[in-house]
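Below are the chains, spelled out letter by letter.
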Amino acid sequence: MNKPNAAGWRPEMIAGEGEAPATFTGNRALMLEEPLIFEIGSTSRTGVDFEDKAAAAPSSVLGNLLRSDPIGLPGLSEAETVRHYTRLSRQNYAIDLGLFPLGSCTMKHNPRLNEKMARLPGFADVHPLQPVDTVQGALAVIHELGEWLVKLTGMAAVAMSPKAGAHGELCGILAIRAALEARGDARSVILVPESAHGTNPATAAFAGYKVEDIPATADGRVDVDALKARLGPDVAGVMITNPNTCGLFERDLKTIADAVHAAGGLVYCDGANFNAIVGRVRPGDLGVDAMHINLHKTFSTPHGGGGPGSGPVVFSEALAPFAPLPFVEKTADGRYHLVEEETAGDHHGSAFGRMVAFHGQMGMFSRALTYILSHGADGLRQVAEDAVLNANYVLRSLEDVLDAPFAASGPCMHEALFSDNGLAEGFSTLDVAKGLIDEGYHPMTVYFPLVVHGAMLVEPTETESKAALDQFIGALRHVAERARAGEEALKTAPHFAPRARLDETLAARKPVLVWKDATI
Amino acid sequence: MRYLPLTNEDRSAMLDRIGAGSIDDLFVDVPELARLSGPIEGLPHHASEMAVERHMRGLAGRNLVAGEVPFFLGAGAYRHHVPASVDHLIQRGEFLTAYTPYQPEIAQGTLQMLFEFQTQVARLLGCDIANASMYDGSTACWEAIGMAGRVTKRSKAVLAGGLHPHYVGVARTMAKFTGDTLVELPVAVDADTATAASAAIDGETSCVVVQYPDIFGNVFDLRPIADAAHAAGALLIAVVTEPVALGLIESPGAMGADIVVGEGQSLGVGLQFGGPYVGLFACKEKYVRQMPGRLCGETVDANGKRGFVLTLSTREQHIRREKATSNICTNSGLCALAFSIHMTLLGEAGLRQLAAINHAKAQATASALTAIPGVTLRTPAFFNEFTVDLPDEARPIVRALADKGVLGGVSLGRLYPEQPGLANGLVVAVTETVTDADITAFATSLKELLA
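The listed protein sequences derive, respectively, from chains V and U.
Using full-length UniProt numbering, the letters of the first sequence map in sequence onto residues 1 to 520.
Using full-length UniProt numbering, the letters of the second sequence map in sequence onto residues 1 to 451.
Some clues are possibly wrong.
As the list claims (entries may be wrong) - Restraint ranges, calculated between C-beta atoms of paired labels, are given here:
#, chain 1, residue 1, chain 2, residue 2, range
1, V, D503, U, R223, 40 to 46 Å
2, V, G98, U, R399, 50 to 56 Å
3, U, E32, V, T217, 20 to 26 Å
4, U, R399, V, N27, 55 to 61 Å
5, U, A302, V, G474, 24 to 30 Å
6, V, P35, U, A302, 19 to 25 Å
7, V, N27, U, Q290, 38 to 44 Å
8, V, R509, U, N303, 17 to 23 Å
9, V, N27, U, K286, 37 to 43 Å
10, U, G203, V, E51, 52 to 58 Å
11, U, E49, V, R183, 48 to 54 Å
12, U, G61, V, E317, 34 to 40 Å
Since the hints were derived computationally from the structure, they do not count as laboratory data.
Just so you know, even glycine gets a beta-carbon here, dropped at the ideal spot from N, CA and C.
So here's chain V without its partners, still in its complex pose:
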């Protein structure tokens, strides 16, 4: 039973009013259990009606290639389908439900105008291989968004086709490799600081490089001396995340870039956290050669429970000629052209190739452009300022109750980093995270970055109000105090979620990846 607290807005839990009885269905009022489609569907049921039913005659030309055995795909009526997925949706936390403080993932409000614009038939219902003079508007979206990205980053060119941030990393590293090989200077090593995203070393390894770590300093930044000492003729480049995954600005990026360039290497910047500096800092001014931009993070395209993402990459003058195809170009007559292999002119003659089948994530481009135009240059600057303000507000409001390892090294950028230092013996970051679920929040990013023990990375974003932050801070403070006090009930949290803690070890030891039953 709840009652309003003294402040009038936060319900207070009253414990000890008796156990809830079991229900016949397993449901609890609006919290509904939902079976799998394989348990409720039928291979003979369908939720669609077709025209031309009579046309469905089997073909003789396909002979023994016709499918004979049952496939085992259950069908539901439209009514059952809507109910199944609506019920499933209610088992999910989402940014539409509340503050979603996943650090380095940047969960901000997703404006619905973006969705409406992406669904205009002129964008949603055009084919990637239509004659280019029938898709001038689609090419214009790609070009216009690309121009914004180039100007916001202070770079020379952009490749729009990478499908996600990690795909963008690969694009940038391949361009670096292509540029080095073009000058007859094949190098073998990419340097990656400890605080980098896990994708960074994986990307460099996939592009054929040996990966070497560069340590972090005690204040959470790249150890510049260690990096400089490692530079040499075998180093192709360095991958730096800025702002980094400790939520800090790499003050020495320009110094690092100058040193890397002097040693003949190139600089890749992981731009996952560009939302902290958009409109206030141009990475191109800091000597970056390539940087991907996660459109879903900085420019608010929804992530849909895991994707799709979109990871355009901006390039310096040095790397622009090596960027992948296809490209969209505009000629003096206002026409847009699709530059592919067969039409690549001199300035794309060194392009390293093609990364995807078509032209990238068009549906994300129209959303991101809508968001950018809504904010404009002034609004985007405000976005960065409010994101940084909100993060510092969270940091300073909680540093007395949660250990903040880099609080003394200056302001954080868009995310505040805490550790499990100071929790009671036997209590961990995981317990704090699960406790937050009971408070009605998605937890922050946990155990990342690896440079901090028991990391908790909180990113409030710019779309949270002060009142929303105050409530979140209160909730996290409450859970932190319970963890510091060693309250046993926290170890079995969450208690109010659709599921209690799930056995991830069992899932990995005996993987069950598909539904197996002979009946369907």
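Place chain U on chain V using the hints.
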């Protein structure tokens, strides 16, 4: 600015709490040379919802919408009717605005959906298991080649001539950097894929990659290729760009493919000018630990209730870093959801009916086109896509057809500009969205242009 809730009073109060004099104090770590004093010049300022909508509608209006004209394009992207409830459901905020299900207790909706998706995909492609989706078909194809290399400890991939040229392009790009060798078989509409592939396999071959139906629309038996590959210790990778086909024709897995990848765009996702799409990835269970991408698995919670989690992530980038099976750290979750909902609405009965309608309409279209003097069918056994030869280069004819308001296929000249021998070829795709009137309009316009 309508998305930013802080007022200036809030900002002042918050700066006070932080102990900062101004917002600039929070950017002190940015070196002087990189500080911008105001909004970047030459870029417009914020705009109202109405103004933005007007601008975007203006751009959208400059495209010829596929659904408004007789439409016959395929070659890796297909226009199917998507039931209204699919888009309605994926726009629910709890799906649309959720993130990767890192906290499974409050992400069961996404996780259960992915488990259902994996099962649907595995069954459709005829494999034991499937992952939670990849970026798209072309990147899934490259990842499959990489996986075959890990499984066989070999690095030579044989690519059949009927593999989508853009998929070949992606593989070429990646192979330049990974050191894999690609053996590209000759491209011809009526190539004998089984014989050519079998002849190209040797003791170094990691895999044979065959598209099914192929880029020209050919449907053929994969079993002889699977046998030849397996006899040499290589894997067969089948690539499906039109999953609706598998409602009518035998699945690649059932014909011996070890890994089946595909483009799932046909179901639920829509054309979207090429993306976002959804890569399908399925294989035999014994290769699970070499499989790239996310996996959702069944487990139980502390109360013994069934639940789902992301699993086997020790293969993934965030645990093993440079030893990871790929650098991918996402999937196409929302597109996978759209695929899965559409498949649930269809069910087996609906999918089979849809496939039969596609096939019948394609046959009718082929008959109408080949009745035109000079037009010949090159692919006798096809599903919903086929290749015809025109008496002249197809590329300008496709443009001329567009001027007449018909989007009449993809010319092989566009797909293979470096192969003049294919220039007269036209790849025509026909789905349930095509009406009899569309077929007549296409045939009439083409006949006029060729006269």
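Outcome of the hint check:
1. V:D503 to U:R223: 40 to 46 Å: holds, 41 Å
2. V:G98 to U:R399: 50 to 56 Å: Once the Cβ atoms are compared, 52 Å apart, the range 50 to 56 Å for R399 of chain U and G98 of chain V holds.
3. U:E32 to V:T217: 20 to 26 Å: holds, 21 Å
4. U:R399 to V:N27: 55 to 61 Å: holds, 59 Å
5. U:A302 to V:G474: 24 to 30 Å: holds, 27 Å
6. V:P35 to U:A302: 19 to 25 Å: holds, 21 Å
7. V:N27 to U:Q290: 38 to 44 Å: Holds: the Cβ-Cβ distance is about 41 Å, inside 38 to 44 Å.
8. V:R509 to U:N303: 17 to 23 Å: With Cβ atoms ~20 Å apart, the hint holds.
9. V:N27 to U:K286: 37 to 43 Å: This hint holds: roughly 39 Å between Cβ atoms.
10. U:G203 to V:E51: 52 to 58 Å: holds, 53 Å
11. U:E49 to V:R183: 48 to 54 Å: Holds, since E49 of chain U and R183 of chain V (Cβ atoms, about 49 Å apart) stay within the stated range.
12. U:G61 to V:E317: 34 to 40 Å: With a Cβ separation near 36 Å, G61 of chain U and E317 of chain V satisfy 34 to 40 Å, so the hint holds.
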